[in-house]
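Protein chains in written order, with this note's numbering: chain A, 1 to 494; chain B, 495 to 937; chain C, 938 to 1063.
Keep in mind the hints are simulated off the structure, nothing from the lab.
Every clue listed holds true.
Listed below are the simulated DSSO-like cross-link pairs for lysine-lysine, each with C-alpha atoms no more than 27 Å apart in a straight line:
id : chain 1 : residue 1 : chain 2 : residue 2
1  : A       : Lys96     : A       : Lys115
2  : B       : Lys727    : C       : Lys1041
3  : B       : Lys727    : B       : Lys646
4  : B       : Lys816    : C       : Lys1039
5  : A       : Lys96     : B       : Lys918
6  : A       : Lys188    : C       : Lys1001
7  : C       : Lys1039   : B       : Lys645
8  : C       : Lys940    : C       : Lys955
9  : A       : Lys115    : B       : Lys557
10 : B       : Lys869    : B       : Lys918
11 : B       : Lys783    : B       : Lys816
12 : B       : Lys534    : A       : Lys227
13 : A       : Lys6      : A       : Lys489
14 : B       : Lys795    : C       : Lys1001
15 : B       : Lys553    : A       : Lys115
16 : A       : Lys115    : B       : Lys534
17 : B       : Lys783    : A       : Lys489
18 : B       : Lys695    : B       : Lys646
19 : B       : Lys874    : B       : Lys918
20 : B       : Lys816    : B       : Lys646
21 : B       : Lys553    : A       : Lys310
22 : C       : Lys955    : C       : Lys1041
23 : A       : Lys188    : B       : Lys816
24 : B       : Lys783    : C       : Lys1001
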Amino acid sequence: MKYYDKLIFELSSEGRQGFSLPQPSYGGTTSDLPENLRRASSVSLPQVSEPDVVRHYTNLSNMNFGVDTGFYPLGSCTMKYNPKINEEVAAMPAFKDIHPLQPSRTIQGVLTIYKELSSSLSAITGMSAFTLNPFAGAHGELTGLMVMRSYHRSRGDFARVKVIVPDSAHGTNPASAAVCGLEVVQVKSTPQGTVDVEDLKPLLDDSVAGMMMTNPNTLGLFEPEIKEIAALVHSCGGLMYYDGANLNPLVGVVRPGDMGFDIMHINLHKTFSTPHGGGGPGSGPVGVTKALEAFLPNPKVVVTPESYLKVYGRSGRPAEDDDMAAGQVSGFMGNFGVILRAYTYILMLGRENVRKVGPLSTLSANYIKESLKDCYHLPIPSVCKHEFVFDGLEDKSTGVTTLDIAKRLLDYGFHAPTIYFPLLFHQSIMIEPTETESKETLDAFIDVMRRIAVEAAENPQTVLDAPHSTPVRRLDETTAARHPILSYKNLIEE
Amino acid sequence: MAFPYFPHTDEDIRLMMERAGVKSFDELYSDVPEEFIYGKEYDLPSAMSEIQVRQYFEKLAQKNIPLTCFCGAGSYDHYAPSVVPYILSRSEFLTAYTPYQAEISQGTLRYIFEFQSIITELTGLDVANASMYDGPTAAAEAMMMALASAKKKTRILLSRTLLPQVLSVIETYAKYHGVQLGYVETRDGVTDLEALRIHLKAGDVAALMVPQVNRYGIVEDLSGFAEELHQQKALLVTYCDPSTLAVIRTPGEWGADIACGDCQSLGMPMSFGGPYAGFLACRQEYLRKLPGRIVGATVDKDGKRAFVLTLQAREQHIRREKATSNICSNQSLMALYATVYVAVMGPEGLRKVNDISYASAHHLHDALLATGLFKEVFDKPFLKEFVLSTTLDYKTLQQALVSNGFFAALRTEEGYLDFCCTEKRTPEQIDALVSVITSLVNN
Amino acid sequence: MAKVIEGLLYSESHEWVKVEGEYAFIGISDFAQHSMGALSYVDMPDVDDELEQGEEFGAVESVKAASDLYSPVSGTVVEVNEALEDAPELLNEDAYSNWIIKVKMSDPSQTEGLMDAASYEQMCEE
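Pulled out of the complex, with its shape left as it was, chain A reads as follows (with noise of 0.2 Å):
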């Protein structure tokens, strides 16, 4: 990776163009406008030719690191290879070229793909029934949960406000609850680092809406006594709710729909291949048990008597008198290009490779914890599933902390776990290293971890200064935030 520094707006000159436009057919320009609406200030935007934009951005590319550059073992972020052929499907004109509002009959193609996208899932979760319109794996959490108040608002109970979630869960999920209005309520991990059910006993009353979980844990774990949480919270009246982050190693093994989950989302672009985008396009659409397909967002596309697939419910159309939907939760009906992609991957994956996902994930994460153990600290040393968490290195003597091992690894050429997350230890190093990699990918992997375990204890310095090689060093995170500067023109003030 080579330090590149511009800024595109730094490649400017007045005059100088990129786009290649009509001349117009007819007179008339936005001048006519009154001019009380028309734009007053000057546009200060960028005026560069095209090879001008193909070289700063090709530049910018080769600071970054992607799946398709090196192991990307990010914990909770299922980084698996991303295959190309998902692309171009996704680039077909009979695809990309579609007005979200055109006629049901003119988008039987488009609406086949939802029902069969959505067929699948229900197939490999067992949930009944799938919306695919969540933008990503937060906006199904909100969906999700905007579907669970709406079951208990149909039924005339309005008491329901509280969501339980455990200690160790990623911080959408009480985020999530936040947002869609609903108090949250923590429980306790046991010592073994899976949910307390004598912690949560207590809790669970008439005012509880609902519980999300993620099985397996964010520490990895397979929740043993889910069987019984799922009988208690529905016991008193709540639902539950599967958070979809952890579902690779579950592919084709476990179904979430058969552990007592009401609700769930799925990430797309973690356990479906589509890629991240550098934090997005994602999808994250929700599936709920039969009871509560009334309660799934609009639009929907329904199936008539004739097996036409129609839309149902868009916005600006008259509202249906039986429509218990719990909504609108997105302009159009989701990320199309996403949906098409992971579709493209369940097509190749078939009904016999889904069966490897979830063990060889799971395999990959055990054959590096039992690799590391000796030299990285284990806190729970049970098997694992699609990822794990080590705290720190073993010894704790050298000063080297999970930051500096994180910092170091981009040296020798890979991408960093997650750090510091879950809360529950100071040091959390969280590893997933997916079913695309290969044993030699894992294996230099586990090569590298031991040597900055013996540079820690021999060398800790090296350490401590890392990164050296990448394109900047470690960065003033302190400044950025004491005086933010957003913007180019902040930038230029300065």
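Given chain A, work out where chains B and C should sit, using these hints.
Then chains B and C, alone, in the frame of chain A:
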């Protein structure tokens, strides 16, 4: 049988199991109660080869009817310069995660910084975040942000001229979050200032959200809005089409405090509604309430200029239930789309896109009126989109349009017909559209 | 070792209070600033805001953490320390000479329930 995305040979698996201390895959799931292990065959198609997958999607594609688009309503068929998808296909951008490790994510961090800079320049506001999911969800976040900023005020006013999907999404978020909504009615196709004044008398209004180009395509005149709202310590939030902000008066110039909208109009494929990218910008004083990711400039330990995610203490992974929002993933790659698009277009290209669209839309508008089959609904300035009324039978009209390859004359909930022209619509297409419609009565 | 100053009163949530007549100056303890690390932002209430004892009145933020501030007394905010808006690092430099808010107390007897320096020091050690 081997599979292209799984690199493990049988020997690899054997060695890995040996190290992991298990004899079988089943043993890796020994902590899962037996009854939860799914023993049946999955109800999925059999694995396909790439050739079969392509054929499958080609077959599905043929079930769609390709149409030339003359509609807007929140998704616009603008031209995407070839260079934009080319840059987006670079896997260093495409296959990266959120730029938490700044040292190896300077590419992502820089383009987000550029995106923020472009949005602030287009809106005339001080700060912008790294993108939201889409325009309507950005509007819902703007609502929650306005509420958090205006202490002790409880009601959010929405203009009835906002797009239907923007209203629907805001209403959904409001229902669950517990936000009281009010509506400012329409007069002659635009937001009624007089109706706003009446609402403001109650003293409980936190903010008004109003579109700059509204659901009828009309460019709204917001003279007096900011003044009325600010007198009551309420905020002005505008919903905008960023492509148009190169030519129409900006949120900053209208005195808006927050602006939001959808970057789809910056050349993004319509793609049946997504992925697009929402944007959210505000004045400096509301920065702390701005949700989502924000990138700032700083230096590294050697003093080199560098960029980093900043102000993270507002976010869900630190603040949990007290965060400004639950947003985690945004639409980063689509923010890159918007950034490269604007870089290619520049101020002059954006103006031209608007000028050509304006000229074509006005030509189509006049040509449709000249047929005698349509009537003007509002006599108000518009840009690329407008509505007309007609006495033609809607079903017959739609059938004729679709069978001739057009998506046009979308019926709005008021019963008007929506038309839109972008720079992609040619005179031939416009003439053909008009002649399909006139042929309906001539035959 | 975090510093504790005689003559101030302390809360369990690590705020300190200095009483001057009917007014209370409220800040965060040295222990609190130390455990947060380099502070990047102090979120403060508006003047005239009414606070109940134990109510959240703001927060301190570092790059990777945030901690809410709770008012040890009830009353009305009469002043906020504006210097902290541009220089939150003042709290790192000297947590005790930089107060955050000044409150006109509605019930000065509430200060009786707060800890003195010795008890607070003991609490921090535990």
